[in-house]
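> Protein chains in written order, with numbering that gives the first Met the number 0: chain A, 0 to 239; chain B, 0 to 221.
I should point out that these hints are in silico values taken from the structure, not numbers from a laboratory.
Ideal placement from N, C-alpha and C gives every residue a C-beta, glycine not left out.
It is possible that part of the hints are untrue.
As the list claims (entries may be wrong) - Here are the in silico distance ranges between beta carbons for each label pair:
(1) B:115 / A:36: 18 to 28 angstroms
(2) A:35 / B:139: 26 to 36 angstroms
(3) A:54 / B:34: 38 to 48 angstroms
(4) A:127 / B:142: 25 to 35 angstroms
In case you want the letters, here they are:
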Amino acid sequence: MIKTVGLRKSFGHNEVLHGIDATINPHEVVVVVGPSGSGKSTFLRCLNLLEKPTAGEIYFDGQLITAPGVNVNEIRREMGMVFQSFNLFPHLTVLDNIALAPKIVRHVSKDEAEETARDLLRKVGIADKESAYPQELSGGQQQRVAIARALAMKPMAMLFDEPTSALDPEMIGEVLDVMKALAVEGMTMVVVSHEMGFAREVADRVLFMDAGLIVEEGPPAQVLGDPKNPRTKAFLGKVL
Amino acid sequence: MALDFSIIPGIMPALLAGAKMTIELAVISVAIGFVIGSLVGIARVSQNRALKVIAGIYVDFIRGTPLLVQLFLVYFGLPTLIGRPVPPFIAAISAMGINSGAYVAEIVRAGIQSIDRGQTEAARSLGLTSSQTMQYIIFPQAFRRIIPPLGNEFIAMLKDSSLVSVIALEDLLRKGQVVITRTFRPFEVYTVVALIYLVMTFVISKLVSWSERKLKAVGQID
Ligand SMILES: Nc1ncnc2c1ncn2[C@@H]1O[C@H](COP(=O)(O)OP(=O)(O)OP(=O)(O)O)[C@@H](O)[C@H]1O
Ligand SMILES: [Mg+2]
Chain A
0 MIKTVGLRKS
10 FGHNEVLHGI
20 DATINPHEVV
30 VVVGPSGSGK
40 STFLRCLNLL
50 EKPTAGEIYF
60 DGQLITAPGV
70 NVNEIRREMG
80 MVFQSFNLFP
90 HLTVLDNIAL
100 APKIVRHVSK
110 DEAEETARDL
120 LRKVGIADKE
130 SAYPQELSGG
140 QQQRVAIARA
150 LAMKPMAMLF
160 DEPTSALDPE
170 MIGEVLDVMK
180 ALAVEGMTMV
190 VVSHEMGFAR
200 EVADRVLFMD
210 AGLIVEEGPP
220 AQVLGDPKNP
230 RTKAFLGKVL
Chain B
0 MALDFSIIPG
10 IMPALLAGAK
20 MTIELAVISV
30 AIGFVIGSLV
40 GIARVSQNRA
50 LKVIAGIYVD
60 FIRGTPLLVQ
70 LFLVYFGLPT
80 LIGRPVPPFI
90 AAISAMGINS
100 GAYVAEIVRA
110 GIQSIDRGQT
120 EAARSLGLTS
130 SQTMQYIIFP
140 QAFRRIIPPL
150 GNEFIAMLKD
160 SSLVSVIALE
170 DLLRKGQVVI
180 TRTFRPFEVY
190 TVVALIYLVM
200 TFVISKLVSW
210 SERKLKAVGQ
220 ID
């Protein structure tokens, strides 16, 4: 579904990704772990071209999306993204947050967009909040709205950048539960997360990144339980 | 010579007519300024180099030159170019509107830049184009933040509009001058003129802080 070949990204003279080769298969859940500053967010943001790669190729659904002339807006609508800081639209109600993009990007009718939005709100467990504004919700509820907002575009894949890092501990579970349900339904997911429990339970594969490279990858039991690379060992020794 | 405020009732109708003209000028100018300023403000934060540079030159030129000179350029200068006179009212709202546009552009730019980058990223990640993101996400949020500075701009225009009295437009200050030629009471008349300006700016500043509170109350400003 997503494939990167020799993906590099520099900010000015500072190269942050040094050639990433990664494949994410359809219906696969891939969890990306690694120390702070290793380039996890940059990697994820390159996938939907929120950051423009400096070199290398990205294929999405068979298409080379780093080719010149590709309409990035058409690519992005097929990849939902969930941010650490939620980034809900504060001037819109919960319902409008979710229904806006389908209406103006996919030209779905207002009624249909709102009906889909309500279905999604039920799915993430906050059907009663549709007319609230984001700042009236708890962090966990906001993040669930953000997931619903991304799903409303009916994307082929979902990218999560530390979706629970900004949450109070008691709210982490409710967001992870929504993500687990998505995984069970077969959504293709790339998740940057420090939640090792989630990785063990839900991930099909774990990528360990360090200093701009993928240094180890494999099933969670292997990468997290019996790491080969000394840097993976050192990192896991710290977080566990 | 003793002060004589007994002339006030007699001069009020003329001064109030002038005040009406002053308000009209300020409202129309700031309205023109808002349209120009929104477009120029957006141009200043756009990706397009050429647009950015042109918008920047406009803003710098207007803010770096006196409004009175701009007014003279339009009223006295332009007619020699186009070969016919520019009516005073048209000259006034053109010069003031174009002037206001530069200040509003800076207000709009600051408003847009005050919106968190995450808003743009979230919108773009949903597939919105950059202009859809501006229209549906950034501008509506920025607009709430620019209402107070826009109110201040309106107050500034209300005061600066007194400059048009030099091109014989019958605004509040000009009416005052006319009344003085009749009453020979400059101190009393200018005092009343000043007080009328004060009342107008005071009312507007109260309206601005009321709208600010109102927007905070619905929780859509942080
Ligand atoms: N927009 C940017 N401009 C310049 N440097 C950047 C930018 N974004 C990221 N970087 C740099 O790239 C490196 C990798 O950052 P990135 O955010 O991808 O790391 P990360 O693995 O997600 O870290 P964290 O766990 O802290 O989120 C860092 O050194 C960071 O300073
Ligand atoms: Mg990060």
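> All hints, please: hold or fail.
Hints, one by one, checked against the model:
1. B:115 / A:36: 18 to 28 angstroms: 22 angstroms, holds
2. A:35 / B:139: 26 to 36 angstroms: 35 angstroms, holds
3. A:54 / B:34: 38 to 48 angstroms: With Cβ atoms ~44 angstroms apart, the hint holds.
4. A:127 / B:142: 25 to 35 angstroms: Roughly 30 angstroms apart at Cβ, these two residues keep to the hinted range, so it holds.
Of the numbered hints given earlier, the model fails none.
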